[in-house]
Structures are given as C-alpha cells and as structure tokens.
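A.B. asks: Sequence:
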Amino acid sequence: MKRTLFRSILAVILLSCASAAQAFEHYPIGWVTVDDGNVPYNLTGGSAGAVVTATNETEFKTYAESPVPYVILVPNTIVMTRGTSSSWTPQTVSVQSNKTIIGVGPNGAINGGLEISGRTNVIIRNLTIWYEDGTQGSSDPWTDGITIKYSDHIWVDHCTLYDSPDGLIDTTNGSNYITISWCRFGYTPTSENTQHHFTNLVGGSDSATGDRGKLKVTFHHNLWGPSCKERMPRVRFGQVHIFNNYFDTQSNSYCVRSGIEAQNLIENNYFNESVEPIEEKYDPTALIEAHGNILYNCKCSGTYSCDDGDDDVFDPPYSYTLDDANDVPAIVSTGAGASVCYGDFDRNELVDYKDLAVIANHWLEDDVDIEYYLDGIVNFRECALLIRNWGTNCFTPPAAPQDLTTAFGDGQILLDWSDNNEPDLAGYDVYRSETWSNHTKINSSLIIDSNYTDSNVVNLTAYFYTVVAIDTLGNDSEPSEQVSEIPVPAGGTVIQENELGYCRIYPFGSISKTYNEYTGNGYCDTFDFNGSGIEWSISVPSTGSYTFIWRYANGALDRPAKLLVDDIEEISSINFPVTGSWSNWEMISQSVTLCAGTRSIKLQATNSKGLANIDCTIVTGDNPQPASCP
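Residue 1 is where the sequence shown starts when you use the numbering used here, and the numbers rise one by one after that.
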C-alpha cells in the first residue's frame, strides 16, 4: 500500500520540484566541521541569504563579490574576461564570506579561477573549473583553479578541476579548517599547461612560519588522474588528513609529500601504479602516519623511498568512517567530480527501481546516507533528482572510440571510426593538432555519425587526430588512439612505411619510432654510410613530370642523396639540410620525368652519414599510385 501510494504521487512531486529552492549541500566531513579548540562548527555557506542564479560573468561577480550571503546557482558555463596584455588567462573572481556556489546539472562551470582570501564560511560544489588557455608561468600568472589563503572553514565538494596554470586547489597563508572532498583532478591533452601538473599545495614556503598550528585540511574520496604529476597534496606545517582517495597515476613524480613540520595522516587510500606514492622530504620534522593503504604495482626508488608511515601524528577531532581500500577505486571513480548523478544507492551504475525503493523506504526520514539537501529530511527534492537520472548509466563515461582511420584528399581529410553503441551516447568530438600534443576540438557541435570530414586543412601539412565520445550527461571518454594524415593535391598519393609502395631499406636499417612527431607507423632510419638508401615502387599511368616530396628530419649535418629510377641515376644531388632536431620534420621536393609503367624509385645517400630520417614519400603528377615491389 505504501509503494502504491508513493508511485501515485510521483507526478505531483516532479511538478512541484521545478519551483523548489535548491540548496544542494551534503553534510561535510573533516576539519571544516570543527573550530578553534576542536569544538563543532556549523558550516552554513550562503544559506542565510537568497538563492540566486548567475548565467553570465556580470551576474556571477556581482553575487560572489558581494558582502551579502548568497546561494549562487550556476546552470551554464561562465567565461571570465581575459586579463591584460601581459596575462591572457581568464580572470580570477574574489569570493567573499558566507557564500554557497553550486553548479546546477552537468553544465555548471567556470572558465577562470576563484580566489578565497581572508574569508570564512564558503561552500563550492558541483562546479567544473578550468582554464582554456592557461600556460604555466612565463607571461601568464601562476593562477590556481581555486586559491584559498588567509581563510577558514572552506568546503570544496564534488568539483572537477583541470588545466589551471598553477595548482588546481592550493591552500596557503595560514588558512585553516578546510575540507576537499569527492573532487576530480587532472589535465587534458589539449592543455596549454604542458608541464606544471602540480595539483594541491598545502603551505607555500618553508619560511612561512606563520602557518604553524594552522593548515588543518581534510582530503577524502578525491581522484587524481593519470596526468597529475605532483602535490597530491604537498604539505608544509599543516595537519592534513588524507583518506579513501584514489590515486590513478602512472607517470607522476610523487603523490603525497610531507615537508617541514607537516603531519600527514594517510588512511585507506588506493595508489594505482603510482611513483613515490607516500614521500617524506628529507626533513626530520616531516611526519607521516600511514595505514590501510593499497600500493598496487607502485614504484619506490630514486632520491626518495615510499615512507612506511610509522610516525605518530594528530588524532582527528571529528567523526568519519573509512571505506575498505579495496573498494576505493570503484567508489571514487563512481562518485567523484562535478555533475555526479544522484540516485545510484546500490552502486550498480544505473539509477533504477531498486534505488527508488530506497527513497520510498526512507521517505520523510533524516537519513544522511541518501539525503542530498541540508534540510534534514528525505522528500520530493531527493526524489526529483533520482527521477531526473532514471535509467541513466550515470557515472561511467563512454568507451574510447575504436578503429579510427583516415584517408587523404585534396584539401581535406576523411576520418572514420567504429560505432559506439552505448545507449546513453550523445555523440563525438574530434581533436586535431599539427604536433603530438595540444590538440584542439575542431567540430562546433556534437558529431552524431561515426565519421567526419575535415576540410579546414592545408595540403602537404601533417595533421594528428583523436576522437572522444560524449554521453548524455556530458561525460567524456578517453581519447581514441592518435592517427595522422597528410592532405595532398588532386592526383597525388602518400606512401608510408610498411604500406603498399614501400619496398625496403638497404643494405641495413629499420623502421624506427625513437623520435616523436612522425606520421604513419614510424620512419625510415638508414645506417650511417655512403650508399645506404630506401626503395619505393609506383605505377605511372602516363609519361610526364612527377614530383617527389619527402617529409624528413635531420638533427646534425647536411645529408646529400641521389635519386635513382630503375637503378639509373636521374638526379645526382639532393641536399637534406639540418632541421634543428630529429623530432623537427620538414619537407623537400624534387621533380623528375618518368615513363609510363611500374617504376622503382630509390633515394640513396652520397656520403658516410647516410640519409636523413624519412617519414613518408608523397608523389604528385598524373595520378601515380603505389605499386607492389619487384
């Protein structure tokens, strides 16, 4: 009877929730819940003020920088105005005390930074914060995604932060009573910040002795992705509690580092193939207590070793429950980050009737485990969130697109990949670059079909592509494998190594991948002596002039060669000058008259240094085609 009645009122609940005030706070855990003397602290954010919505920069700055309490809802992406001519990163907004800032739905985002300086009682939740063009250092400022300094009682929860020029969330200058929970940290392949992947600094300097007795910070249920390199976190002076986090890092320098007068309590975390997961920075005052952690296939060598965490540190003055470290990857991967899909209580990655039954059985109860709003009751608000996500595979991003291939044309490149048949797939984004990094999205709207024609290309220029799948909640897949292509004028062809038309390297050499930025499956690397060469075979439909274009790299000394057609020398000297490095590829061309038929083409070194590295051969003319080798 109870369930029948419950179902009968769902329609009324969904209609009434549309106009309900939205507070969106979970109950916090950690240092943010206590005050000086370790007495309880009531974190309220902006709940004493009005609930307002900010859809643009002017509205957001007006509310965030006001001394008046506000709950600020952000339903869309807000792009902050760029800085001065000496700083092209987006502007940082100064958030005042007594604020709650909440991203509403999957699109709540800030392209810029938030600074909390000298403030108190601030909640930031469900926001994606990133820098579109924040290069580390140089002409750009060292700007964080969120900067916390001289402030206390700040809670950052369920946010996704990436690509900031400096830290993603940094806590310094005597800040205190901070909790950072259920956040996702990383850097994208297209980030202008290519080196400074240092996520979370707690304490900015060994000389900042004013931090003593402060910098009490809790990190729990956060995810650091494979692109994060250091500072997860890096701690000075503070008492930092790090529990139930997932470190999915494989090529990092270190994860947690304890520095001068720091105390780190590290419990039940999961380190997945991390380098130096727990590190003490050669300071006798740096303390680490660690237990219950899983270090799966981690590397502990070099200047530092993995600390065994046998020091005695502080006892947290708040209540918390530890998840088993074995369960942390699934729990955190499912729940961390912005736009987490509410309602999957049984964690089967689907919001369904089983989850609805959970709300029905706790209707009008005060159940912290499933309550989403800070009003002490499970009611139509929680139910509306669940129904909104009904039937959705909320947390798992789509699989990376597979079988990406390219084909060249005159002023265009055609891409094709296998269909992604996941039921919640929304479409695809295509990323392009002229190098192996810094890819940029080139489609203006989601691509529905599993193919794309890029017509905004220049002939005889190498391009590199990846494709990303997007689901209906805006979750991105990992990029597909990178592929490359070179568009050529009509009637031309491209011959890559180990493909039709490529015959051999003689007398010795190999297809190498030592240096970067090559196209295809590698490049031809001959031995360094006079007479070494490469042979191709092409079918020439008519007698006439044909142009050979070689994409090559030469790191040292000019390397001359000659061109042979059917073992007859046609051109005695073609110079391949230095390109600056073995990863810097340029093109050189040479025209020759060819007779109709299948022709053997050889490029042969004429000095003891051998040939330059040859990436591919392009032939233009009257529609020449790759041919089988003799």
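Because the hints were derived from the structure by calculation, they are not lab data. Do not take every clue at face value.
When the alpha-carbon atoms are kept at most 20 Å apart in a straight line, the in silico PhoX-like pairs for lysine-lysine are as follows [said to hold, decoys possible]:
hint: 1; residue 1: K299; residue 2: K281
hint: 2; residue 1: K354; residue 2: K281
hint: 3; residue 1: K562; residue 2: K609
hint: 4; residue 1: K354; residue 2: K299
Remember, predicted model here, so these are calculated numbers, not experimental data.
A.B. asks: Evaluate each hint against the coordinates.
C.D. replies: Against the structure, the hints come out as follows:
no.: 1; hint: K299 <-> K281; verdict: holds, 17 Å
no.: 2; hint: K354 <-> K281; verdict: violated, 49 Å
no.: 3; hint: K562 <-> K609; verdict: holds, 14 Å
no.: 4; hint: K354 <-> K299; verdict: violated, 42 Å
When the structure is compared with the earlier hints, violations turn up for hints 2 and 4 and for no others.
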